[in-house]
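Given next are the chains, with one letter for each unit.
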Amino acid sequence: MKLIMAIIKPFKLDDVREALTPLGVQGLTVSEVKGFGRQKGQTEIYRGAEYHVNFLPKVKIEVVVPDDLADAIIDAIVKSAHTGKIGDGKIFVLDVDRAVRIRTGETNTDAL
Amino acid sequence: MKTLLQRACWALPLLLCTFPAFADDAPKLDSGDTAWMLSSTALVLLMTIPGLALFYAGMVRKKNVLATMMQSFIITCLVTVVWTVAGYSIAFTNGNAYFGDFSRVMLNGLAENWDKPFILGAGTDGAVTNTIPESVFMMFQMTFAIITPALIAGAFADRLKFSSLCAFIVLWSLFVYSPIAHWVWAPTGWLNGIGVADFAGGTVVHINAGVAGLVCALVLGKRLGYGTDNMAPYNLAFAVIGASLLWVGWFGFNAGSATAANGRAGMAMTVTQIATAAAALSWAAAEWATKGKPSVLGAVSGAVAGLVAITPASGFVLPGGSLAIGAAAGVGCYWASTWLKHLLGYDDSLDAFGVHGIGGIIGALLTGWFAYGPLTADKDHPLGVTIGGLAQVQTQAIAVGATIAYTAVATLVILLVVGAVFGLRVTQEEEREGLDVVLHGEQLG
Chain F
1 MKLIMAIIKP
11 FKLDDVREAL
21 TPLGVQGLTV
31 SEVKGFGRQK
41 GQTEIYRGAE
51 YHVNFLPKVK
61 IEVVVPDDLA
71 DAIIDAIVKS
81 AHTGKIGDGK
91 IFVLDVDRAV
101 RIRTGETNTD
111 AL
Chain X
113 MKTLLQRACW
123 ALPLLLCTFP
133 AFADDAPKLD
143 SGDTAWMLSS
153 TALVLLMTIP
163 GLALFYAGMV
173 RKKNVLATMM
183 QSFIITCLVT
193 VVWTVAGYSI
203 AFTNGNAYFG
213 DFSRVMLNGL
223 AENWDKPFIL
233 GAGTDGAVTN
243 TIPESVFMMF
253 QMTFAIITPA
263 LIAGAFADRL
273 KFSSLCAFIV
283 LWSLFVYSPI
293 AHWVWAPTGW
303 LNGIGVADFA
313 GGTVVHINAG
323 VAGLVCALVL
333 GKRLGYGTDN
343 MAPYNLAFAV
353 IGASLLWVGW
363 FGFNAGSATA
373 ANGRAGMAMT
383 VTQIATAAAA
393 LSWAAAEWAT
403 KGKPSVLGAV
413 SGAVAGLVAI
423 TPASGFVLPG
433 GSLAIGAAAG
443 VGCYWASTWL
453 KHLLGYDDSL
463 DAFGVHGIGG
473 IIGALLTGWF
483 AYGPLTADKD
493 HPLGVTIGGL
503 AQVQTQAIAV
513 GATIAYTAVA
523 TLVILLVVGA
533 VFGLRVTQEE
543 EREGLDVVLH
553 GEQLG
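Same order as they appear, the protein sequences are chains F and X. Numbering of the first sequence is given in the numbering used here, commencing with residue 1 and proceeding in unit increments. Numbering of the second sequence is given in the numbering used here, commencing with residue 113 and proceeding in unit increments.
By construction, these hints were calculated from the structure, which means they are not laboratory data. The structure presented is a predicted model; accordingly, all values stated were derived computationally and were not measured. Glycine included, each C-beta is placed from N, C-alpha and C at the ideal position. Keep in mind that a hint or two might mislead.
What the hints assert, rightly or not - Result set (DSBU-like, lysine-lysine): computed pairs, CA atoms no more than 30 Å apart in a straight line:
#1 F/Lys9 / X/Lys334
#2 F/Lys90 / F/Lys34
#3 X/Lys174 / X/Lys334
#4 X/Lys405 / F/Lys9
#5 F/Lys85 / X/Lys403
#6 X/Lys491 / F/Lys34
What the hints assert, rightly or not - The calculated label-pair distances, taken between Cβ atoms and stated as ranges, are:
#7 X/Glu542 / F/Val30: 31 to 39 Å
#8 F/Arg38 / X/Cys189: 19 to 27 Å
#9 F/Glu44 / X/Lys228: 55 to 63 Å
#10 X/Val549 / F/Met5: 34 to 42 Å
#11 F/Thr104 / X/Val360: 55 to 63 Å
Working from the sequences, and respecting the hints, build out all of it.
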């Protein structure tokens with residue numbers, strides 16, 4: 001099993017979700033996060049007072065999938081979250097040791 | 113029935129003949145005027161709560177939102193009581209040229225005259241007979257007394273102790289607002305005597321509050337982290353709603369200052385709308401040209417600047433003049449709030465001085481230039497009492513200078529007294545934590 005963690009632009013969330021459900025993704029977790037990358041921050045000006053905002057809002061998607069689905073899902077996220085402009089985000093893939101569905105006690109791929 | 117009617121018809125002319133003086137001379141309450149002034153009073157109260165409360169709260173950080181709204185709210189309550197006890201009496205009774213007398217302390221006398229037309233300055237040469245009862249006049253003026261100190265709060269936001277706020281407001285209302293209102297608006301007041309044109313409070317309200325704000329900002333010092341920390345507003349949507357409510361309420365403020373539902377009120381409303389729009393556009397345009405983007409905060413701040421500047425002029429100027437006053441106020445207040453403030457290095461948190469002080473000065477002086485005589489014409493002065501020109505600008509300048517000087521000194525003295533008794537600022541730790549939880553034990557979720 002793989003944990004696919006994608007940091008994307010907030011307004012791309014729905015596109016990504018629509019791209020993933022046909023591939024058999026049964027559920028995912030979304031969080032609102034802040035951070036910086038090459039996009040750096042942005043400057044805000046309020047009545048002449050300039051503030052450099054270092055951390056920009058992003059959305060983090062976490063989805064755990066069977067190994068054989070991982071590549072297709074990563075491709076789908078890249079395609080659906082892509083704008084071509086700086087700040088599109090990143091995807092990280094991690095190995096997952098175990099998964100348990102709390103309601104039934106099913107484990108690993110059965111629990112996904 | 114018929115005979116009764118016939119008798120009544122007979123009697124009617126007799127009655128009129130018997131009391132000709134009553135029919136012709138005695139002033140009467142006018143239900144239309146009274147209705148408009150009741151409405152105006154409610155509109156002006158709307159400017160402070162929730163208008164100003166939202167406008168200011170929208171510009172502070174999340175940890176100070178409730179404390180900022182509380183300032184407007186509690187000032188409304190405090191000044192209501194102060195005005196009832198003595199403020200109204202000091203402002204609007206005859207007294208001398210600088211201070212009213214105490215004949216209306218605890219609103220004494222209102223009961224006897226509750227259904228009679230109110231004569232301002234009764235028994236003096238400049239007496240003004242109104243067609244509304246004194247209760248309505250007193251209430252209308254009370255809402256002005258409320259918003260003026262509430263405006264100052266923009267300068268000391270984020271750092272003043274609540275106890276000090278309460279003490280400061282009570283003293284300031286009694287010893288600064290009421291006397292200046294007396295100078296300008298009581299027929300016996302000395303600025304009224306030299307012919308200053310201040311329809312709705314350019315000097316009394318805005319220069320007064322703006323300069324007091326500047327003194328507060330200087331005495332209190334900068335907020336912790338000013339210039340280094342991110343002090344971006346928590347919720348500018350509040351500020352947009354607040355400024356919009358100010359705009360709507362201001363029709364009561366300016367058109368209501370005619371104290372009647374008449375042509376002058378209509379013209380005051382017209383020029384208020386035009387100047388406000390012009391100022392919002394000119395601030396946004398200036399910002400667009402110099403900073404690259406026309407900000408939402410800039411547009412609404414410009415609108416408030418225009419409302420401030422047209423305040424003394426409404427009731428004296430025509431649409432053309434109001435367009436010029438608005439445009440000048442938008443650019444002038446933008447310059448004061450973004451450039452002058454940083455040049456001089458004071459932390460007027462929400463630009464009480466930059467918008468109200470500077471806007472008030474621009475409006476008060478330009479009123480002298482653009483005043484259209486016929487709006488103030490009466491049977492003794494067919495060309496008008498207040499006629500635009502250099503002489504009137506000079507009179508306006510005296511009023512502006514006197515207001516600035518008195519307010520600056522009196523505000524400083526009050527701050528020193530309050531500071532000695534209560535201390536002015538919260539501790540550094542409390543300021544970092546935020547006034548909501550420190551002063552009021554509450555916070556936004």
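To see whether the hints hold, each was checked on the structure:
{"no.": "1", "hint": "F/Lys9 / X/Lys334", "verdict": "37 Å, violated"}
{"no.": "2", "hint": "F/Lys90 / F/Lys34", "verdict": "13 Å, holds"}
{"no.": "3", "hint": "X/Lys174 / X/Lys334", "verdict": "18 Å, holds"}
{"no.": "4", "hint": "X/Lys405 / F/Lys9", "verdict": "23 Å, holds"}
{"no.": "5", "hint": "F/Lys85 / X/Lys403", "verdict": "24 Å, holds"}
{"no.": "6", "hint": "X/Lys491 / F/Lys34", "verdict": "71 Å, violated"}
{"no.": "7", "hint": "X/Glu542 / F/Val30: 31 to 39 Å", "verdict": "37 Å, holds"}
{"no.": "8", "hint": "F/Arg38 / X/Cys189: 19 to 27 Å", "verdict": "53 Å, violated"}
{"no.": "9", "hint": "F/Glu44 / X/Lys228: 55 to 63 Å", "verdict": "57 Å, holds"}
{"no.": "10", "hint": "X/Val549 / F/Met5: 34 to 42 Å", "verdict": "35 Å, holds"}
{"no.": "11", "hint": "F/Thr104 / X/Val360: 55 to 63 Å", "verdict": "59 Å, holds"}
Hint compliance for this structure: hints 1, 6 and 8 are not met, and every other hint is.
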